[in-house]
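Participant: With chain A fixed as given, assemble chain B onto it according to the hints.
What follows is each chain in one-letter form.
Protein chains: 2
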Amino acid sequence: MALIVHKYGGTSMGSTERIRNVALRVAKWQRAGHQMVVVPSAMSGETNRLLALAKELAPASASSAYERELDQLAATGEQASSALLAIALQAQGLEAVSYCGWQVPIRTNSAYTKARIEAIDDARIKADLAAGRVVIITGFQGVDAGGNITTLGRGGSDTSAVAVAAAIGAHECLIYTDVDGVYTTDPRVVPEARRLARVSFEEMLEMASMGSKVLQIRSVEFAGKYRMPIRVLSSFTPWDIDLNTEAQSGTLITFEDEQTMEQAVVSGIAFNRDEAKITVLGVPDRPGIAYLILGAVAEANVEVDVIIQNISKDGKTDFSFTVHRNDYAKTLDLLRSQVVPKLGAAEVLGDARICKVSIVGIGMRSHVGVASRMFRCLSEEGINIQMISTSEIKTSVVIDEKYMELAVRALHREFDLDQPADSLKS
Amino acid sequence: MALIVHKYGGTSMGSTERIRNVALRVAKWQRAGHQMVVVPSAMSGETNRLLALAKELAPASASSAYERELDQLAATGEQASSALLAIALQAQGLEAVSYCGWQVPIRTNSAYTKARIEAIDDARIKADLAAGRVVIITGFQGVDAGGNITTLGRGGSDTSAVAVAAAIGAHECLIYTDVDGVYTTDPRVVPEARRLARVSFEEMLEMASMGSKVLQIRSVEFAGKYRMPIRVLSSFTPWDIDLNTEAQSGTLITFEDEQTMEQAVVSGIAFNRDEAKITVLGVPDRPGIAYLILGAVAEANVEVDVIIQNISKDGKTDFSFTVHRNDYAKTLDLLRSQVVPKLGAAEVLGDARICKVSIVGIGMRSHVGVASRMFRCLSEEGINIQMISTSEIKTSVVIDEKYMELAVRALHREFDLDQPADSLKS
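Going down the list, the protein sequences come from chains A and B.
Quick note: to get our numbering, add 105 to the position in the first sequence (first position is 1).
Quick note: to get our numbering, add 105 to the position in the second sequence (first position is 1).
It is worth saying that the hints were derived from the structure and are not from the lab.
No incorrect hints appear here.
Because identical chains cannot be distinguished in the list, a pair is counted as satisfied if it fits within a single copy or across any two copies.
Taking lysine-lysine pairs in the DSBU-like style, the calculated list, with each CA pair at most 35 Å apart, reads: (1) Lys231 to Lys160; (2) Lys435 to Lys507; (3) Lys133 to Lys160; (4) Lys133 to Lys330; (5) Lys231 to Lys219; (6) Lys330 to Lys219; (7) Lys160 to Lys219; (8) Lys435 to Lys447; (9) Lys447 to Lys421.
The shape of chain A in the complex, shown without the other chains:
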């Protein structure tokens, strides 16, 4: 018997038929003796429907007052799905109660449409659990100090579930979704890609931020901060499969465990082709240059990913960075019209036909030569590396986008990621 949190996405809650299946699954866990808290998303399509209505009526320019109303509006989606799930559980003969964010309460700051959770009161949840009830808590939303409804942004229900699990000291937070776990890389690119039985918070963060969009990245940060194990598993398995089988399925995202995790050097290959590269050539090498260039870019609300400054030569240096492709033209313009004249730089070059490929693994911390093994592998495939960026558990390269699949497949093989699970972790 344990305290368990289940989170169900919009697809799992998409119809009364599916909500009934969620209820049957939760009832199975409850009847096996677990204390259950469930965090559902809105029925699929509902949030979009509501926001489309808002868009039809929206004022010309956004404001905090407008965003407040968007949150008041969007929060109804989870309120409705949560009540429906409570009703479906009652129909299964269980006691069940649903709460909105403000009823728990889940306290957030006042950043409407992208609020951050600050505190969760566990008293009401604990009292209901003690009374044998299944507790359903709306995902995606909270309440600020002024009693205004806030939402956490798209995918925020994952974060809600993990935060609630941490607040009540749950044994595990199970996230039921439309994939059956976290893979060594995207199976559409590498058919041999393997589901990981376990992965660390840190690795998951590096993978999530690279486009393996299984979980909202903030939920993983939260889980890591509070050491709350998350299990990503499929909501498409029949509700009546054996509970122990279900409880071991998917991928467990958890804290690093020396015994089980040290074998694998690299856990996965992440990649994305959403970026573009910009290089400022012939920049005078003096203090404040990086700020002069990137300050202007940040002011234009452009997010910068990889940043490289080459060594200086004759008092001049080359400065490169990547931005999202959507911001590429705007950033080039900005640099050419405002920054280059001020800097006295020689030229600004850009290339939107690039991609970033990364190897991610906790094992890189203690294994030397992992990066060079990556570079050798790519060179053997004749792939030229344009930029390199490293962190403790990740090495990323920027290459020509036409080589992306080739690079990912070669690296997946190089680091034995297509081998059966028992030769790797878990």
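Facilitator: Just chain B now, with coordinates in the frame of chain A:
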């Protein structure tokens, strides 16, 4: 400049196009210098859509826990429409903020699906009004002492609007609806029926309870208790008609005013054919008989309307009452199987083919002979009266339902209700 509450029904809020028209109308009032509070219903169809989803999932038997979830669910309809209206007002360049019942808060008891308002905190509303904002408050809902969402039952948004108006000391509560006011009787029965410019709370109560379903009866009770004038007016007039014309349109439901109200003896003719008559013959005339009969009926949750006990003869009396037709068969059964044997009554007779016709008017208080004028009129039409029931401002008769239209038309003429307005009230 005055403090004004507008209430808009589901039809008025039925699409983004209509919500925009509501915003334009409210903006007109605000720009004319009024302080505006708006209470909207859910978009038409939304509450039914939500409750239909609940019904698909509902447990076999209802419970308080189930009804709690129904309220949690249904309350989202008004939350969404209120946020959308706030957004539409912002698009008109006004400052606007929407609040759910719990955010005001509107405190109610815990009777889920049919809660009663106990208190309304005006602090937040007043602060926003003082800051020049339009305040939008969800109709139909409140919050109980335990922080659970409650709803007021169908039509509850009228009550919300009147209660909010009373709490903030509004000048008038304008209820925009799909009729243009209160009529002397149903125009479908009497084409000459006239819109009343003014009617008293008491008269409106008697008419509302008789099926002139313009307003939820509890909203009129509330208005009478707090002496809050209500104006019922059409939401179909273009939003850009002259504000003063609009402000004088419809029917004002207000407290009795000696100057304007004393002329009319009868204000309207109400009727309904939803009832059935039951008579218990040959009841021993001893104390406790009424309780023995009606106690059993009340325990079966059957509501009784007109009750008549004839004078005793030879120690026996006849006891008649009316119930809703839906309860007719059940009540007959109950009396025959349980009550008659206990009472030693002779027989139970029933008739479902009846109707009730009432004349309503404050003037009846001070005018003698109004009831007998009604009876004479009916007798001249050859209509037999089966039961009579009177109150201070109403006289009702039960007659054969086939005479209903005839009776209503005859009485409408008898009391000069088809005469132009200036010969009557206002």
